[in-house]
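Chains A and B, in that order, give the protein sequences.
This note's numbering numbers the first residue of the first sequence as 1 and each following residue consecutively.
This note's numbering numbers the first residue of the second sequence as 177 and each following residue consecutively.
Fair warning: there could be bad hints in the mix.
Unchecked claim - Derived contacts from chain A toward chain B, CB cut-off under 7 Å, selection only:
hint	residue
1	T39
2	N45
3	L59
4	P67
Said to hold, decoys possible - Some residues of chain B that are not near chain A, with every Cβ distance over 10 Å (derived):
hint	residue
5	S187
6	L192
7	T225
8	A278
9	T282
10	E297
11	T299
Stated by the list, open to error - Chain A stretches covered by chain B per the calculated footprint, using a threshold of three residues with CB under 8 Å from any CB of chain B:
hint	segment
12	71-85
13	112-121
Hints in this document: simulated from the structure, not taken from any laboratory.
Even for Gly, the Cβ is constructed at its ideal location relative to N, Cα and C.
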Amino acid sequence: MAEENAAESLPSEVTDMVGVPLYHQTADFDVERGYTYNTCAATQNGNPIYWDEAVAEELTGGAIAPPTTISLWMRPHFWQPGAEGEQVALQVHFDLKRIFRLPEAVMTDNTITFHDPVRPGDRISNQQVLKSVSEPKTTKLGTGRFWVIDVEFHNQRDELVGVETYTGFGYVRGAA
Amino acid sequence: MSDQLTLDEVSVGDALPSLEIEVTPTTVVLGAIASRDWRPMHHDYKFATERNGVQDIFLNTPNQAAWFERFVTDWTGPTGRLGRMKFRMRDSIFPGDTMTFAATVTEVSTDDVGCGWASLEVTLTATSDARPEPRVCSTCSVRVAIPTNPNDNPWARRGDQWRP
Numbered sequence: 001m002a003e004e005n006a007a008e009s010l011p012s013e014v015t016d017m018v019g020v021p022l023y024h025q026t027a028d029f030d031v032e033r034g035y036t037y038n039t040c041a042a043t044q045n046g047n048p049i050y051w052d053e054a055v056a057e058e059l060t061g062g063a064i065a066p067p068t069t070i071s072l073w074m075r076p077h078f079w080q081p082g083a084e085g086e087q088v089a090l091q092v093h094f095d096l097k098r099i100f101r102l103p104e105a106v107m108t109d110n111t112i113t114f115h116d117p118v119r120p121g122d123r124i125s126n127q128q129v130l131k132s133v134s135e136p137k138t139t140k141l142g143t144g145r146f147w148v149i150d151v152e153f154h155n156q157r158d159e160l161v162g163v164e165t166y167t168g169f170g171y172v173r174g175a176a
Numbered sequence: 177m178s179d180q181l182t183l184d185e186v187s188v189g190d191a192l193p194s195l196e197i198e199v200t201p202t203t204v205v206l207g208a209i210a211s212r213d214w215r216p217m218h219h220d221y222k223f224a225t226e227r228n229g230v231q232d233i234f235l236n237t238p239n240q241a242a243w244f245e246r247f248v249t250d251w252t253g254p255t256g257r258l259g260r261m262k263f264r265m266r267d268s269i270f271p272g273d274t275m276t277f278a279a280t281v282t283e284v285s286t287d288d289v290g291c292g293w294a295s296l297e298v299t300l301t302a303t304s305d306a307r308p309e310p311r312v313c314s315t316c317s318v319r320v321a322i323p324t325n326p327n328d329n330p331w332a333r334r335g336d337q338w339r340p
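Here chain A stands alone, though its shape is the one from the complex:
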């Protein structure tokens, strides 16, 4: 991460967020094999762990989800009764877009550390921690700020199953 923290020049609404676990959430639904098949189909992944129950039993003690699906279990439904507005997964990212009035954003870096395997029937929870926000930067996309957000994932037994670190860049187009 090359983008330094700009803590001293940030609004208090942002400095109050840094380092604080936010948005503890539990998934809307259990881990299920349909998404394993969807993921493997989308990437033409023939790993027998996901297709052959005997192999899964021998190697992983039964079915598991592909490790890189870790974040999908926490993504909200596109719509559900009673929910208003767009449902988003990484709320801190969208909070920062709103606070800094940066209408566009992309993710530039993603680090995933994989811990205990996720299995069908698990119910995943997570929380978000804002690690840093940069000074204003200008890239070919526009002018805005980089930020780093950690997301920790646990299963229903409170076992750590993964940690994701995202670097996002919120920006205004053409402001270079």
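Could you slot chain B onto chain A? The hints should help.
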């Protein structure tokens, strides 16, 4: 398991077999749906071009992670267990691109609890008719556990025995 890569077969400088994929709109949309990513730039051409200012819909981040996983475990076989993956996206993957995954082994080690590890630097490049010069779209550092012998199984590790 047969046809299983073991750590003694891996050396620094080894190149993994490359993987080449023709990207279509379906590739992008399948990946977005599989990862429950409903953001419109991954399925809505007009949103991607007019709002985001890019040339087309493009591959989303979690699906890129899944492609990296598939590429690495094609090489390790099913006993390969991902420990850590860090990737940086420099450019987007669009329909019409041919994406190519390539990787080199940068480190081979065994940790204090006897788990074998290979570190890889993976590069995802893309070419297309409109942009024939290969462009590096993502780079990815991967740490993957590989059995130290035919009887070893990294998936059996739990707690302090797993240090990704």
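Structure-based check of each hint:
1. The closest approach between the C-beta of T39/A and any C-beta of chain B is roughly 5 Å, which is under the 7 Å cut-off, so the hint is satisfied.
2. The interface hint given for N45/A is met, as the beta carbon of that residue sits about 4 Å from the closest beta carbon of chain B, less than 7 Å.
3. Annotation: L59/A was flagged as interfacial toward chain B, and the flag holds, the nearest CB pair being 5 Å apart, inside 7 Å.
4. Interface hint at P67/A: satisfied, since its Cβ lies 5 Å from the closest Cβ of chain B, which is below the 7 Å cut-off.
5. With a minimum CB-CB distance of about 24 Å to chain A, S187/B clears the 10 Å threshold, and the non-interface call stands.
6. In this structure L192/B is separated from chain A by more than 10 Å, as the shortest Cβ-Cβ distance comes to about 15 Å.
7. No Cβ of chain A approaches the Cβ of T225/B within 10 Å, the least distance being about 13 Å, so the stated non-interface status holds.
8. A278/B, annotated as away from the interface, keeps every beta carbon of chain A farther than 10 Å; the closest lies near 17 Å.
9. With a least CB separation of 17 Å from chain A, T282/B remains clear of the 10 Å interface cut-off, as annotated.
10. No Cβ of chain A approaches the Cβ of E297/B within 10 Å, the least distance being about 15 Å, so the stated non-interface status holds.
11. With a minimum CB-CB distance of about 15 Å to chain A, T299/B clears the 10 Å threshold, and the non-interface call stands.
12. Remark: the segment 71-85 of chain A is confirmed as covered by chain B, as 4 of its residues place a Cβ nearer than 8 Å to a Cβ of that chain, reaching the required three.
13. Under a criterion of three residues with beta carbons nearer than 8 Å to beta carbons of chain B, the stated coverage of the segment 112-121 of chain A is upheld, 6 such residues being counted.
Comparing the model with each earlier hint shows no violations; every hint is respected.
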